[in-house]
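Colleague: One letter stands for each residue in the lines below.
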Amino acid sequence: MANIPEDLHYSKDHEWVRVDGNVAVVGITDYAQDSLGDVVYVELPKPGEKFAANESFGSVESVKAVSEVFSPVSGEIAEANDSLTDAPEKVNTDPYGDGWMIRVKMSAPGEVDSLLTAAEYEDFTKGDTE
Amino acid sequence: MTAVAEIKRTPLNAVHRNLGGRMVDFGGWDMPVQYPAGTVEEHLRTRRAAGLFDVSHMGEIDVRGADAIAFVNSITSNDVSKLVDGQAQYSALTTPEGTVIDDLLVYRFSADHLLLVVNAGTTEKDWAWIKSHHKNEAVELENVSADYCQLAIQGPRALEILQPLTDLPLSEIKYYHFAEGTVDGIEAIVSRTGYTGEDGFEVYAAADMAERIWQKLLDAGKYGSDDGVLPCGLAARNTLRLEAGMALYGHEIDESTTLLEANLGWICKLNKGEFVGSDRLAKQKEEGVRRRLVGFEVKERGIARDEHEVLINGERVGKVTSGSPAPYLKKNIGMAYVPTEFANEGQQIQIDVRGKLVGAEIVKTPFYKREKN
Numbered sequence: 043m044a045n046i047p048e049d050l051h052y053s054k055d056h057e058w059v060r061v062d063g064n065v066a067v068v069g070i071t072d073y074a075q076d077s078l079g080d081v082v083y084v085e086l087p088k089p090g091e092k093f094a095a096n097e098s099f100g101s102v103e104s105v106k107a108v109s110e111v112f113s114p115v116s117g118e119i120a121e122a123n124d125s126l127t128d129a130p131e132k133v134n135t136d137p138y139g140d141g142w143m144i145r146v147k148m149s150a151p152g153e154v155d156s157l158l159t160a161a162e163y164e165d166f167t168k169g170d171t172e
Numbered sequence: 049m050t051a052v053a054e055i056k057r058t059p060l061n062a063v064h065r066n067l068g069g070r071m072v073d074f075g076g077w078d079m080p081v082q083y084p085a086g087t088v089e090e091h092l093r094t095r096r097a098a099g100l101f102d103v104s105h106m107g108e109i110d111v112r113g114a115d116a117i118a119f120v121n122s123i124t125s126n127d128v129s130k131l132v133d134g135q136a137q138y139s140a141l142t143t144p145e146g147t148v149i150d151d152l153l154v155y156r157f158s159a160d161h162l163l164l165v166v167n168a169g170t171t172e173k174d175w176a177w178i179k180s181h182h183k184n185e186a187v188e189l190e191n192v193s194a195d196y197c198q199l200a201i202q203g204p205r206a207l208e209i210l211q212p213l214t215d216l217p218l219s220e221i222k223y224y225h226f227a228e229g230t231v232d233g234i235e236a237i238v239s240r241t242g243y244t245g246e247d248g249f250e251v252y253a254a255a256d257m258a259e260r261i262w263q264k265l266l267d268a269g270k271y272g273s274d275d276g277v278l279p280c281g282l283a284a285r286n287t288l289r290l291e292a293g294m295a296l297y298g299h300e301i302d303e304s305t306t307l308l309e310a311n312l313g314w315i316c317k318l319n320k321g322e323f324v325g326s327d328r329l330a331k332q333k334e335e336g337v338r339r340r341l342v343g344f345e346v347k348e349r350g351i352a353r354d355e356h357e358v359l360i361n362g363e364r365v366g367k368v369t370s371g372s373p374a375p376y377l378k379k380n381i382g383m384a385y386v387p388t389e390f391a392n393e394g395q396q397i398q399i400d401v402r403g404k405l406v407g408a409e410i411v412k413t414p415f416y417k418r419e420k421n
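So the protein lines, in turn, are chains D and V.
Residues 43 to 172 in the numbering used here are what the first sequence spells out, letter by letter.
Residues 49 to 421 in the numbering used here are what the second sequence spells out, letter by letter.
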């Protein structure tokens, strides 16, 4: 059973968002890392780059597959988790903690309200496996 | 009317599901791509201890009769007449153009009995192709694919795991040789072959015995312990063969690539007499190939994948046939076709990784070679 923390917001592309003032911390969910398998490579943007909601900001690769990652919110990259360059496995071992990917200065914080709640995301992943 | 292809299952399908295998459609077969240990661990365990693979989806074609050797020699590129009883040979079914219908193993049981082991996804095509070449030769052909299961136990511990289960003296079976005997009392063919770059064996037995032999091998290999055998999925099978520099049908070789382009001149015995496509291959050998398969190592950040384009001096000159992270070598590697003039070790190339050009270098293959003791 995938771990889905109550206090986060979720996208249908399997990213999570933790709101910290006007900053959104973004990563991929436990469900996503499990589906992907051993993460061996993470490509992230540089601070200052701007992304619209649902735009691809980078990629995560396992031995077998490449997955793009999409920003659930619009804004500017404040910080990327560069430690994933040398330790991409953190995405597998701690997807909601050390495996975080970007901090986004939100340009439209209201977008968060349209994301899924933990309960909604759980239902969504169940539909996904059927 | 649209025919809906039915998904095929090996006799171990339920076993894979019970082991937590993640099942995918592989050329019409419902197969495990990985188990819960994950591709990296499965790969490393095979290199360091042992991995167990269900390869029952492979096809088997029985060839019997006085003309068995002559017939198979006329449709395959390697020289079947060089085989002795109990020996196996890597070879290819060729088209009149010298390209590849499939790569295969030819097993010789006796002068009038051969077994062809072909790829899963091409079994039906191969079977039709082989039958279409059967004219007046004294041979009986039978597609016996469904009768057999095939399990591969691979890695440095493969011999010690399999030995207690069989009456055959395994250390006496040489590489690319096989013997008939029993495994756990079940009639089996034990072949010292594999697709991982490791020492190991492939066991062929009646399909309904698959589960029993599989379980015995897991038990004998102490599955569950830290250095025990691990069941391995298709993803690890692919990365292991790629590190070992082995071709995969549909990637490095297909009906658009010739054996010579794919560096398979060593299974292309042009002096043995005519075979399908031999005239074209002889001509190509004389004129030289225009492109060649090479191995490369990515030197910058990025992972080359199948179908990515290869650039040399800014020009798009070829495509990646297989590209992946290499879990044991801890590098990103791949194989690609490039024009012959550039097919040299040390040549710098670039790979177009989804729009980003990533530097790479042509290197010697195999990427990985086990230390022989």
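Since the hints were derived computationally from the structure, they do not count as laboratory data.
Hints may contain errors.
What the hints assert, rightly or not - Computed list of lysine-lysine pairs in BS3-like fashion (alpha-carbon distance at most 25 Å, straight line): (1) V/Lys173 x V/Lys56; (2) D/Lys88 x V/Lys404; (3) V/Lys412 x V/Lys347; (4) V/Lys417 x V/Lys222; (5) D/Lys88 x V/Lys222; (6) V/Lys347 x D/Lys132; (7) V/Lys379 x D/Lys132; (8) V/Lys404 x D/Lys92; (9) V/Lys183 x V/Lys320.
Colleague: Work down the list of hints and note, for each, if the structure agrees.
Modeller: Cross-check of the supplied hints:
1. V/Lys173 x V/Lys56: 16 Å, holds
2. D/Lys88 x V/Lys404: Given pair D/Lys88, V/Lys404 holds - Cα atoms ~16 Å apart, limit 25 Å.
3. V/Lys412 x V/Lys347: Satisfied, since the Cα-Cα distance of roughly 15 Å is no more than 25 Å.
4. V/Lys417 x V/Lys222: 18 Å, holds
5. D/Lys88 x V/Lys222: 56 Å, violated
6. V/Lys347 x D/Lys132: 23 Å, holds
7. V/Lys379 x D/Lys132: Holds, because 19 Å separates the two Cα atoms, which is no more than 25 Å.
8. V/Lys404 x D/Lys92: Status holds; Cα separation ~19 Å.
9. V/Lys183 x V/Lys320: 20 Å, holds
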